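Heads up: the protein sequence lines correspond to chains A and B, in order. Each residue of the first sequence is one higher than the last, beginning at 22 in the working numbering. Each residue of the second sequence is one higher than the last, beginning at 6 in the working numbering.
None of these hints come from the bench; they were simulated from the model. Being a predicted model, the structure only gives us computed values, none of them experimental. Just to be clear, a hint being listed does not mean it is correct.
Stated by the list, open to error - From the structure, some residues in chain B lie toward chain A, with a derived Cβ separation under 10 Å:
no.: 1; residue: Gly23
no.: 2; residue: Arg78
no.: 3; residue: Phe259
no.: 4; residue: Thr619
To be verified - Calculated pairs, DMTMM-like style, for lysine to aspartate or glutamate (alpha carbon to alpha carbon, straight line, at most 25 Å):
no.: 5; chain 1: B; residue 1: Lys360; chain 2: A; residue 2: Glu24
no.: 6; chain 1: A; residue 1: Lys279; chain 2: B; residue 2: Glu497
no.: 7; chain 1: B; residue 1: Lys282; chain 2: A; residue 2: Asp52
no.: 8; chain 1: B; residue 1: Lys260; chain 2: A; residue 2: Glu58
no.: 9; chain 1: A; residue 1: Lys211; chain 2: B; residue 2: Asp627
no.: 10; chain 1: B; residue 1: Lys282; chain 2: A; residue 2: Asp177
no.: 11; chain 1: B; residue 1: Lys103; chain 2: A; residue 2: Asp52
no.: 12; chain 1: A; residue 1: Lys207; chain 2: B; residue 2: Asp245
no.: 13; chain 1: A; residue 1: Lys354; chain 2: B; residue 2: Asp86
no.: 14; chain 1: A; residue 1: Lys235; chain 2: B; residue 2: Glu408
no.: 15; chain 1: B; residue 1: Lys358; chain 2: A; residue 2: Glu234
no.: 16; chain 1: B; residue 1: Lys360; chain 2: A; residue 2: Asp52
no.: 17; chain 1: B; residue 1: Lys360; chain 2: A; residue 2: Glu290
no.: 18; chain 1: B; residue 1: Lys639; chain 2: A; residue 2: Glu24
no.: 19; chain 1: A; residue 1: Lys354; chain 2: B; residue 2: Asp627
no.: 20; chain 1: B; residue 1: Lys145; chain 2: A; residue 2: Glu296
no.: 21; chain 1: B; residue 1: Lys257; chain 2: A; residue 2: Glu322
no.: 22; chain 1: B; residue 1: Lys257; chain 2: A; residue 2: Asp52
no.: 23; chain 1: A; residue 1: Lys279; chain 2: B; residue 2: Glu408
no.: 24; chain 1: B; residue 1: Lys394; chain 2: B; residue 2: Glu332
no.: 25; chain 1: B; residue 1: Lys260; chain 2: A; residue 2: Glu322
no.: 26; chain 1: B; residue 1: Lys358; chain 2: A; residue 2: Glu296
no.: 27; chain 1: A; residue 1: Lys29; chain 2: A; residue 2: Glu234
no.: 28; chain 1: B; residue 1: Lys257; chain 2: A; residue 2: Asp177
no.: 29; chain 1: B; residue 1: Lys260; chain 2: B; residue 2: Asp245
no.: 30; chain 1: A; residue 1: Lys207; chain 2: B; residue 2: Glu179
We put the CB at the ideal spot given by N, CA and C, even for glycine.
Residue strings, one per chain:
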Amino acid sequence: MLENIKDKFLNYSFGLILTILTIFAIFEFHDFMDYYEIFILLGSAITFTWMGNMWPNFKNLFLNIFLFSFISIYLYQGSLEQIELNFFLKYFLSSQSAIMWMTALYPLSLIIYWVYLLSRQDFYGSLATKITWIATMMGFVGLLVRWYESYLISIDVGHIPVSNLYEVFILFCLITSLLYLYYEEKLDIKKMGAFVLIIITAAVGFILWYTFEKGANQIQPLVPALQSYWMKIHVPANFIGYGAFSMAAMISVAYLLKGKGILGNYLPELNVLDEMTYKAISIGFIFFTIATILGAVWAAEAWGGYWSWDPKETWALIVWLNYAAWLHLRLIKGLRGSILAWWSLAGLAVTTFAFLGVNLFLSGLHSYGEL
Amino acid sequence: MRFAITMFSLLGIASIIGTVLKQNEPYNNYIIKFGQFWFDIFEKLGLYNLYQAFWFLLILVFLIISTSLCVSRNTPKILKDYKKFQDRIREKSLLSFKHSYQFPLKEFSPKKITAFLKSNNYKVKHKIIEDNGDLIVAKKGDLQKLGYIFTHLAIVIISIGGLLDGNLVFKVQELIGVKQIQLVDQPLSQIPLTGRMSENNLSYRASMLLSEGDTKTAAILRAKEGYLVQEIPFSITLKDFNIEHYSTGQPKSFKSDLLVTDNETGQSINKTISVNKPLTYKGVTIYQAAFEDGGSQLDLLVWNLNSSQPSFQMNSEIFKNNKLTFENQNLTLEFKDFRKFNILEVSQNEEQKPKPTNVGPNFLYKVRNESGQAKEYQTYQLPIVIDGKYFFMSGMRNSPQEEFNYLKIPADENFSIKGFMTLKSLLNNPQKVNNAINKGINESAFTTSEKKEAFKSGTQNIINAFIKGGYNSVIETMDLNIPEQASFPDKERAIKTYINIIYLVSQELVRDYQDNNKGEIVFPINESPRFIQDALTAYSDSFFYGVPLYLELKDFEHVQASGLQLTKSPGQIWVYLGSILLVLGIFCMIYIQEIRLWIFRKKGSSSLIVSLATNRDRMDFDQYAIRLKDQIKKMTN
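Build out the structure end to end from the sequences listed, making use of the hints.
Here it is in structure tokens:
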């Protein structure tokens, strides 16, 4: 009972804080925002409040991201030179450093998850989870500060950091790990971190290669086609889809291993894995559908047609058909078992191609993320 | 169902082919890529415009039909289920449910239970069975079943919207021969009726290229390897086209100032469109899609790099050709493009990191000789800084697949090309060269006239070789003069000497020119040796420049053209409505759980049966069932 009251109190306080911040932002900055941006602001406030109520740990994450981003912005004092001059910015909170911390912490938590999986000592499990939380926090701080940094370069350069392959890869890591952390808590399956973090670490590897080999971390101004409020919604929604599908594939790996008796004693029960795959694919499917539709609406505005059979669009359709078939088999036909696990694993290949392969091998309208 | 899945798979496979094989390219590219044999087969299959191919559209039509059948077959059943309570159920079958509980009963109040269930969002029906007892039937989550109808109906609506916006009408018209794709470029007014789509065309995505100041009343529809004319209910005038750049040089915005005039009323509106901000007028949406040169005017000076001839003026226009007789050759100059802004990575000096800088205008042209062979040139108007020195850059390549090879001509004291051109004229003037050599010899330490004479003829040979073919030619001549068995250091020393001789003669030519043209400062005074060396290198490189014809851009009048796209898409609204329905449907199917509940008390019995069923048995349903059972148990005890 007391717990319940405490929860309620925290929920209301969180909602109140967000309401105050939103009202402050609207009063202070409404001159700089158009209706769409105010709408997005209100929508975000409602979404985050709802997420905080539904998932207590999200509140902590949100407040920490908020706190550290603002400390960082304060330390910048409106000048990019501070990155080199200020100790805390240089090593912790400048966007590049925060992202580097993220890239260091995700692989670390992967290792600790494996130690936990094999040693079965709870200490390692909760340590790995904590590190994943911190990595996620640092990643979000990095992206938010990068957003701010882009405006310091020049007012007209400033934009939300979801505009190129480098930025969306970071977003991918963050969204995948958030989805995982949510299900880890809800379904009590800490051991799956050892699998889900594999795909996140792979993405981290790409980010590092992309940074050091290609200097992709440079902030670039937006090409005219990307200057649209739709970008703020289309890209993140898409990455919830990609993240969820990737998580589903990694859980399917665990399912298949367990089915073959490998690591059998260390992994959760098959029906738990099956359930989690289903949950991941269904949330991914909803967001992927919405993202594709939003993409069509945007395309109608920018390219003169909601559907142009551009390679990226076409591959989005293929990904969609693939998971539609998966859900169909499971929901309508009641199919279970290793076929669906293999299918979701193959789905990762299709998704990866749609996400990365199209940019690498095929040209078209969506050529923002060329390597 | 099976048929629908086959169709979906076919759609997927066909789409993949369409992404791998680049669509809507000029047919020549395909012939080069696949060879004539495969080209013909692929063309028959419609693979180059796959998404407009008949068989592809046929798949879509089948998909619509089979999905519609699916929906129409299942909808009545689902709607019946939606209304119906399953109240004809036997005790025995209730007990056989997976989630079935039986417990002792103290107090049975159907009203209380009904109220409790209703507060849990159940729809409840209480039925008293005469000789048997009380049955309470409850259910929730019926929307899940509707999700099925929503999603499938959505697919039908979206596909129909898509077909509305496809070119089915034209396909049929083409098939019965009413319309015909035009293959030859000709003025819009001369295109016959069979090549024109009326403004009542249901849907289209046409393009229009407008130069600044131009007005057009029709657009172009690309179709296979040809085109059609799409008439529109208004005319468009491009008043101005603007590109803005970021400080780093990347383009920031493309804007077209349009004047749209209605054909019927004659009224016009003024509107600026840009990427992401189109204009919709009379059901047609006008987009900023592309831009190119619109026929800029160029004032040029024509120089011969390898002679002392003076330059002459020439006027030209982008997309036009100039004929020219040059060194006894009939050349055609084809002007292809002009760009006012060019962003290159440039560093002011050797220490500085290169940063993107606007280096000013350049223009692109081809020089075609009588036999039809052409070389392509790209020339910048202004000198570009390289390691602290300024050069006029002009690139040449033999084919578009190659990179440009740049001729770097040093800029003179006034940042003009005149210094270099003066020097090359002097070098090509035998009299001046002779004087310079004589002067050098007179000031030299040679004592006998034979030695002087020998040195003079040697120098003359070297200079002549250089003038005819640059350093390469000097080395070739030298190979003839230097004994075969000479050691490598000797050869190297000889080359150095020759280069030095060419340099000294040039220096003398420059000095002489300066003395005779006082007041006109052409050559750099302090940097003279470096300038002369760079100029000699450029002169020598000019023999690899194809034709020694250099075009200097004196002035230009920039005319731009804006590429517009005109879209009429009546299916769009249906696609959007279908999309909303699709999201709703998926949400219903995935996140709403259908639960049915029966509570049965046999007449006179002191126990109660509670059974639950769901059509998607998820893990958390076990817990839910137990919790609900416990609550009911509490109520009845």
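To see whether the hints hold, each was checked on the structure:
1. Gly23: 6 Å, holds
2. Arg78: Violated. Min distance 14 Å.
3. Phe259: Holds, because the Cβ-Cβ distance from B:Phe259 to chain A comes to roughly 6 Å (cut-off 10 Å).
4. Thr619: For B:Thr619, the interface hint is violated, since the closest Cβ of chain A sits about 12 Å away, which is over 10 Å.
5. B:Lys360 to A:Glu24: Roughly 60 Å between the alpha carbons, so the hint for B:Lys360 and A:Glu24 is violated.
6. A:Lys279 to B:Glu497: This hinted pair is violated, its Cα atoms lying about 75 Å apart.
7. B:Lys282 to A:Asp52: Given that 25 Å is the threshold and the Cα spacing comes to 21 Å, the pair holds.
8. B:Lys260 to A:Glu58: At roughly 23 Å apart (the allowed maximum being 25 Å), A:Glu58 and B:Lys260 satisfy the hint.
9. A:Lys211 to B:Asp627: 22 Å, holds
10. B:Lys282 to A:Asp177: At roughly 18 Å apart (the allowed maximum being 25 Å), A:Asp177 and B:Lys282 satisfy the hint.
11. B:Lys103 to A:Asp52: 61 Å, violated
12. A:Lys207 to B:Asp245: 60 Å, violated
13. A:Lys354 to B:Asp86: 19 Å, holds
14. A:Lys235 to B:Glu408: At roughly 22 Å apart (the allowed maximum being 25 Å), B:Glu408 and A:Lys235 satisfy the hint.
15. B:Lys358 to A:Glu234: With a Cα-Cα distance of about 18 Å, the restraint between B:Lys358 and A:Glu234 holds, given a limit of 25 Å.
16. B:Lys360 to A:Asp52: Judged against 25 Å, a Cα distance of about 35 Å means the pair is violated.
17. B:Lys360 to A:Glu290: Distance of about 58 Å is beyond 25 Å: violated.
18. B:Lys639 to A:Glu24: 24 Å, holds
19. A:Lys354 to B:Asp627: OK: A:Lys354 and B:Asp627 at ~21 Å, within 25 Å.
20. B:Lys145 to A:Glu296: 22 Å, holds
21. B:Lys257 to A:Glu322: Holds, at roughly 18 Å.
22. B:Lys257 to A:Asp52: 22 Å, holds
23. A:Lys279 to B:Glu408: 56 Å, violated
24. B:Lys394 to B:Glu332: 32 Å, violated
25. B:Lys260 to A:Glu322: Answer holds: B:Lys260 to A:Glu322 is near 15 Å, not above 25 Å.
26. B:Lys358 to A:Glu296: 55 Å, violated
27. A:Lys29 to A:Glu234: It is violated: about 49 Å lies between the C-alpha atoms, which goes past 25 Å.
28. B:Lys257 to A:Asp177: 9 Å, holds
29. B:Lys260 to B:Asp245: OK: B:Lys260 and B:Asp245 at ~8 Å, within 25 Å.
30. A:Lys207 to B:Glu179: 60 Å, violated
Going down the numbered hints, you'll see the structure goes against 2, 4, 5, 6, 11, 12, 16, 17, 23, 24, 26, 27, 30, while the others check out.
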